[in-house]
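Novice: Chains as they are written, first to last, in our numbering: chain E, 1 to 198; chain S, 199 to 583; chain D, 584 to 709; chain W, 710 to 895; chain Y, 896 to 998; chain B, 999 to 1162; chain A, 1163 to 1376; chain R, 1377 to 1767.
Calculated directly from the structure, the hints in this document are not laboratory data. This structure is a prediction, so every number in the text was calculated from the model and none was measured. Where a beta carbon is used, it is the ideal one built from N, C-alpha and C, also for glycine. Treat the hints with caution; some may be incorrect.
Said to hold, decoys possible - In silico DSS-like cross-links for lysine-lysine, where the CA-CA straight-line distance does not exceed 27 Å:
1) 703/D x 1315/A
2) 447/S x 796/W
3) 423/S x 862/W
4) 460/S x 796/W
5) 795/W x 460/S
6) 70/E x 485/S
7) 70/E x 85/E
8) 178/E x 85/E
9) 422/S x 1760/R
10) 1757/R x 423/S
11) 70/E x 92/E
12) 862/W x 70/E
13) 503/S x 70/E
14) 812/W x 512/S
15) 24/E x 512/S
16) 512/S x 460/S
17) 8/E x 24/E
18) 388/S x 423/S
19) 795/W x 450/S
20) 503/S x 24/E
21) 422/S x 796/W
22) 1757/R x 485/S
23) 1708/R x 422/S
24) 1760/R x 250/S
25) 1389/R x 8/E
26) 1760/R x 460/S
27) 250/S x 422/S
28) 389/S x 505/S
29) 423/S x 796/W
30) 1757/R x 703/D
Claimed, not checked - Computed footprint of chain R on chain B, listed as stretches where at least three residues anywhere in the stretch have a Cβ under 8 Å from a Cβ of chain R:
31) 1003 to 1016
32) 1087 to 1096
33) 1147 to 1155
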Amino acid sequence: MLGEGILKGLAETARNFFGSFVSKERLTTVQFPEERLPQPEAARNFPFLVYDGDDSQAGLRCVACQICEKECPPKCIFIQKSSDKKPDYIGKQQFYPAVFNIDVSVCMSCQICVEVCPFDAIEMDNAFELSTTDRFRGLLWSREQLAKPNSYFHNIHPATAAEVDERLAEAKARAEAKAKPTVAASTTSQPDSQTTTS
Amino acid sequence: MTTAPVKEATHDERAAGCGQDELLEIALGPHHPSTHGVFRMDVVLDGERVVKLKPVFGYLHRNHEKIAESASYLASMPYTDRLDYICSLTNNWAYALAVEKLAGLQVPERAEYIRVITAELTRLVNHTATIGFLTQEMGASGTPLMYAFREREKILDLFESLTGSRMMCNYMRFGGCRVELPAGWLEQTKKVVEEFPRFLDEYEQLLTGNEIFMARAQGVGILKKDLAIDAGVTGPMLRASGVNYDIRKVDKYGIYDRFDFKIPLGEHGDVYDRYMVRMLEMRESLKILHQALRDLPQGPLMDPKAKIRGFRPKPGEAYGRIEAPKGELGFYLISDGSPNPYRYRVRPPSLINLTVLEDMCRGYSIADTIVIFGTVDIVLGEVDR
Amino acid sequence: MNPPVFGVYLPIVVLAIAAAGFAIAPLALARLWSKNFSPRKPGPQKNSTYECGLETKETSWIPFRPEYYLYAIVFLIFDVEAIFLLPFAVAFDGLGLGAAIAMMVFLLLLVEGLVWAWQKGVLTWV
Amino acid sequence: MLEEIKARLDAAVPGCRSEMILNGSPSGQHSLLLDSAHAVEAATFLRDHAELRFDYCSNVTGVDWLEAQHSPGYLEVVYHLYSMEKKRGPLVLRLRTENRTDKVHLPSLTPVWRSAEFQEREIFDLYGIIFDGHPDLRRILMWDEFEDHPMRKDYVEPDDYEYEPTAHDDILAKAKQHAMGKSQEP
Amino acid sequence: MTTPVNYLLISALIFAIGLAGALVRRNAILVLIGIELMLNAANLNFITFWRYSPNPEALTGVMFALFSIGVAAAEAAVGLALIIAVYRHFNTTDLDQVDSMRG
Amino acid sequence: MSFAIIAVFTVAGALAAMTLRNLVHCVLALVVAFTGLAGLYLQLGAQFVGFAQILVYVGAVAILIVFAMLLTQSHEPLAHLTVAPGWVTSSLVAVAVFVILAWSIRSSAVGARSIQPRPEITVRNIGDSLMSQFVVPLEVTGLLLTAALVGAVTIAMREQRMNR
Amino acid sequence: MDQKLRIELSKQGIVTTTLEELYNWGRKNSVWPMTFGLACCAIEMIATSMARYDLARFGAEVFRPSPRQADLIIVSGTVTKKMAPQVVRLYNQMAEPKYVIAMGACAISGGPFKQGYNVLKGIDRYIPVDVHIPGCPPRPEALIDAFMTLQKKIDQQTLTGEGRPRHLDPEAPSEFVVPRFGAHDLEPPNNPEVFRILNNIDSRNPGEVDAGGD
Amino acid sequence: MTETMDQIFVLLKHRILAHSPVSVQPIFSAALSAIAILVVFATLFALTTILERKGLGRFQNRYGPNRVGPFGLLQPLADGLKSLTKEDIVPHSADGVVHMLAPIVLVVAAFLGYAVLPLGRNMTAINLDAGLLYFFAASSVVELAIFMAGWSSRNKYSLLGAMRAIAQMISYEVPLILSTITAVMAAGSLSTGAIVESQTGYSGIWPHWFVFTPWGFAGFVLFMIAGIAESNRSPFDLPEGESEIIAGYFVEYSGFKFALFFLGEYIGMFAICGLAITLFLGGWAAPFSFLTWAPSYFWFFAKLLVLIAMLIWVRATLPRLRMDQLMNFAWKFMLPMALINLFAASTWHFTPPGAIRWIVGTILIAVPYLLLGRGLMQSNKLEKRTYRFAD
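Given only the sequences and the hints, what does the whole structure look like? Please build it.
Specialist: In structure tokens form, the structure reads like this:
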């Protein structure tokens, strides 16, 4: 009969209309600024640099090996290696990035930098409220802007962060076992790695 | 939109029936509400009937192939996400498959299962979106599209918790998958898969028997079997024309031979068949998902031979293809032994399915053109690359 | 009591004028606003005809099909028919069966025209 | 299987001078190089032969072999054929131009498989191979006024780097140069 | 108080305008518009005479006007159809050109 | 007073309809004239005819003219103000007609007629007399309308559909 | 200055302020976007207007297909050189006041496809962008966030005086150069009125880069 | 008390008029009515836009506008302010005067119909003997306004949209008028007031609305379908079908002129709904005899809101028809059905009251409906399909 299908369709929408007042399933809106969807563990948006300890610059795990720069598909990372070295978390003398810029206006959030980083120094942030009216000043992030503490990393990706810390602790233990004599010196210079693994 | 030049007709021509050859040329797009982005059709109309239709491409030509030829194999993986940006995981798979063929990598069983699960979820995502947009093009004021996106969001949540991103998953790697399933993901997926048929039922209730929908869809945009094969049409469009050709069955790539599923076939090859084939295909996908989720084995995720960094396949070439939601998605790679592919080519299903657009639309009205175009199911990122 | 102007139709005239005022007032207000604060800035691009973002050719002539005209003819005939039908309907309860039959004959004539047109394919949108 | 097809083809189309091109990768997809003069004939044979029935041309690709690898350089078109009826494939066909500069004509296989239509146009657009017999050979991706063939290996991109926050290797050099050039202008 | 003379004068004026237009303008559609105006002027006369007739209860004038509207509508439909046919034949609606192209 | 306003509108509309260059403007002016005439009918107490005039002339005839115009008016939207060669004579004829009519109206006895009390004519009266006194004209009109429909459609669609 | 005049002036000031508040309130709460999607980000833009995120809550679900009736053009996705003239033309055809959101990496700078020969390296070369959202693609929440940033920006605009926005300034242009298709590139490659190139590139301290334009 | 509440606006008007000089009383009275109509329906327009947007939201599992003012109720105000301050673009090829006039004519024509709508007992601006005819005459001007808008823009989409709109409106005007004739026959008058009066009785608690007869129900459905088409609402919103012709006849309109088009469309929609109420749903009469204590205007507006809600519901559900289907539906289904309904109604009046009347009336309408419906489906080759599966 002509009109039967139309009536069925009307019944369907009516069910959704009335359902929207009673059932959460039929009112799926999450009112963003006030309500927020939980971000899953894996959520990623832009990379940040992890640092251990309190000093956001001295504690950077990055050793300026420039692998991420090379592997970054859209080439949005720019690193300049330092001329001097500083000890890293296991006390080994390493270079550090004199300049570490990420152009988030180019970044495609692919996570390849994280994957290729042998030092777990770069991780993915999940902050997304980054809209800005100023392209040039707001979207090129320097080392200072990129550095975030390990606690922040733990905060947003607890499982991954724990895994990373375990791995780092292991590496550290291995390094300590290898180079027993320098342990004392390195621990004094890098007290933070202890705090983070705990 | 330009008017056809009015010819200086001779008296005899005029007497023969003037006004006959007065055709109207309209450009639909590149900014048009229903050309799925920046597609453009130059349409020649006789009244409201389409006489000629020329698709114009390139408004989203993003030089994917050129960029990939100057980037490492791995670096192209996130770019494949952006080909058919509605179903990034199948793109990943097609590319990974081609590289695996090129380098001779073996994918562990668990990774194969996960690939199947994600690919079939992607098929659901794509088909819901397509059908939603189709109704939008028929002028429904958003409701079916909203319902479709409501379900799509549930699957996107799964993708996000698995891969970290809603759309640009960048999940598969040569020889496996990138990360292990997060805790609780399987249960969540099972729940979504359990609940999905209800949405399909509701959707069919809303549309399938609706007289207006039937009037708009049935007998419109008929694509004949022979033409479909000749023009290399693939995917649901081909099957709606009655050709039994599904690469999941033909190539049995991955582990598709282990699953019990059927291929829905249309008879008329019109818009309604293309819609219904997609609806039925979703139900079949759910069957596969049930089986895959049930049988998912434990084991490693990556081929131990695979390397993330410094990946250099031997010189040679390979063509790998899969049944993406839109049709046959193929990657053709030529390696010269360097870290970058020498030639990197995407065989996009959308572009080639568009070959028959003019044949399907000729003789139908402009409103039908929009609907027919909707059932071709293109994504510009893939068409123009 | 008949009003001095427009007789009993005064409310209609007043309503029309008021509605026109209702439409014009905001337009005037908008003009005032643009004069004082936000200047109108016409330009060759801005004021060219919109066509999907492409450049336009300065013509708006569309070759129309005669379908529109055929429908208009049928409409006109039925419109006139309605003019005769309405008084009949009003007087219907006071009229006998004969008048009703007369009207049916009148309608039948028109329906005949409609059927003819239908068969001729006039009512087919091409 | 490929040998068998080659034998059949050579028998059916005498002048086609098909040639096997071996593929070094594990994929084992070897290809047949056809003589361009007989390509349409050979393609028609492959499509219509009752046992072969390669009715479906999946992929058409251009490849630019610069002089560095193959001397002299040439352009190549690769066709991937499948059979929907027999459900097998792929059969890879190759056609070569004589060189990269002026003799870049090849026969179009669009009359045989319509699916080649847009792909051949694309190759014309991006590689500059002119397909004789193509029904509608126009640029497809780039605009009509465009003159270059960007997928060729020796294509030089327009220098439009105005400002590069992520100044990077050669991009940095380009951007610096550009900025300098621009800042000298008033 | 308006007198019938005013209405009749208006009617005459419209009739004259229609006549002038129909005679002067060469576009067929405009000629038709002129004719429509003349018909309407006549209608106005019907109504006026009915209103100022000694016996307005007899609805003759009104009925006449009604039928006249119907007839005029039919006339317009046929007339415009003719114009379209002529246009299709001669590709113009200019009566002079139609005239000169005859044969 | 209302008579003056309506009369001015009507005459202005009629004049504009016959003199404007742009055909669409002519039609719009014609609509004004039709509406004015409807107003005059209303003034004269013929309510039904007045509204019927608007319904038929504004709602249908004007639309018909518009369609015909868009169908025939081909290449430029402006109709050049072509006038017949003997436009002076034609105008003179029209003026003469008006003068004669005006003179005869002036001199006739109609002007002397005084208005009768407003007759209570309702739609019901019209219906009654339509179905009694005027039933034959009604049927004839029906026939005429059908004939017009058939004729107009045949003329307008000739060649068009036959060719297809 | 005498007392009366001062009172008069302050009265006018109050009038202007109220008018300004009202104007900004009306504008910011009724931003109708144009139905304009380019690429991947367009899907997220659509997702934003769908039930889950519901852009309608801000009164912005009225997607107008015609630029005449839209207030906001969300450049959502890669602008290729082939598309750029159309985008600029559409922007030009919008009625003032009009706003631009550059959504996603591609629209801001060309993003991952920046190295392509057919990709425009940022839509702000041709039209003035109000809000940039980085991300590839940005999440729907990020678009809502950008929308609120735009609302804030509108709210801060003044009706009169030097700092008034472009559309209130009779001198400021309201339409911009539409590039033509050249033999190798677009001509001109940018619009100097909108996109003022930087004089010194200092990648060390990006925060202090002397960005000429805004 | 009930009586006072019911007539409060009438009394108020009389009170105001009593204080004015006799010479200006008529004009004053007309102005009061006009202003009341304008204010009430313009407010209703604003209210409906926000209710429609919120309602559509609910149909689509979301909230809809809820942030501007309490519950988002100030949204129309913001939209209005925005439109007011938006630049007004007139394309340079457009016909300036006609372009300017079109929205005004549309609004005026849309408002004119309200003069004869009985919004409550004794609440009709002017009770014309030929009220219904007047209504149709007024609404036929809308077509002209739309043509003016489409033509003057000199845009192909807008001209195409305008032509579609006119073709659609004239096609549906015929069934619209014909379906009202049944009610006119029953009421014996063209005066809207009289039509409502004839429906005010009750049998027991049930009202004597025309919709509760077979021909009345069919007439109501036909009238509503034709009315939706007349006011260009979904699923008949082809003239502004954005998936094909961008925004239809108002593509080139910006600023407040565009808002006026919206206003005009909604006002036209209310008028059609109001007329449907007047003709078939008993106008201002209460739905049950025990509810007569509520004021008459309350019932009118309650019914109006229900009808508007129905239209929103329909809009939220249905896809759009195609142009040829739309015209086919008008001429090959609606018009025959309207004529059959006319026949059924006159048969009803010539059959004696009782069950036989109902049976005959129902059969006379249902059988042609089924036949025509099937014919329509078959001529378009519409069918339910089954699909085969391959392994």
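Novice: Mind checking the alpha carbons of residue 1760/R and residue 250/S for me, to see if they're no more than 27 Å apart?
Specialist: Since the Cα atoms of residue 1760/R and residue 250/S sit roughly 32 Å apart, the hinted pair is violated (cutoff 27 Å).
Novice: Given the proposed pairing of residue 812/W with residue 512/S, does the C-alpha separation stay at or below 27 Å?
Specialist: Answer violated: residue 812/W to residue 512/S is near 31 Å, above 27 Å.
Novice: Under the criterion that the straight-line Cα-Cα distance not exceed 27 Å, is the pair residue 447/S, residue 796/W satisfied?
Specialist: holds (10 Å)
Novice: For the pair supplied as a hint, residue 703/D and residue 1315/A, is the alpha-carbon distance within the 27 Å limit?
Specialist: Violated, because 63 Å separates the two Cα atoms, which is more than 27 Å.
Novice: Straight-line Cα separation of residue 70/E and residue 485/S no greater than 27 Å?
Specialist: violated (43 Å)
Novice: Between the alpha carbons of residue 422/S and residue 1760/R, is the straight-line distance 27 Å or under?
Specialist: Measuring from Cα to Cα gives roughly 21 Å; hence the hint holds.
Novice: For the pair supplied as a hint, residue 503/S and residue 70/E, confirm whether the alpha-carbon distance does not exceed 27 Å.
Specialist: Within the cut-off at roughly 22 Å; holds.
Novice: Below or equal to 27 Å on CA atoms is what counts here, so check residue 1757/R against residue 423/S.
Specialist: holds (20 Å)
Novice: Hint check: residue 1757/R vs residue 703/D, CA-CA at most 27 Å. Holds or violated?
Specialist: Holds, at roughly 20 Å.
Novice: Take a quick look at whether residue 178/E and residue 85/E sit within 27 Å of each other, Cα to Cα.
Specialist: Within the cut-off at roughly 21 Å; holds.
Novice: Holds or violated: residue 512/S with residue 460/S, Cα cutoff 27 Å?
Specialist: Not satisfied, since the Cα-Cα distance of roughly 38 Å exceeds 27 Å.
Novice: Residue 1757/R and residue 485/S: Cα distance at most 27 Å?
Specialist: violated (33 Å)
Hint compliance for this structure: hints 1, 3, 6, 14, 15, 16, 18, 20, 22, 23, 24, 25, 28, 31, 32 and 33 are broken, all remaining hints hold.
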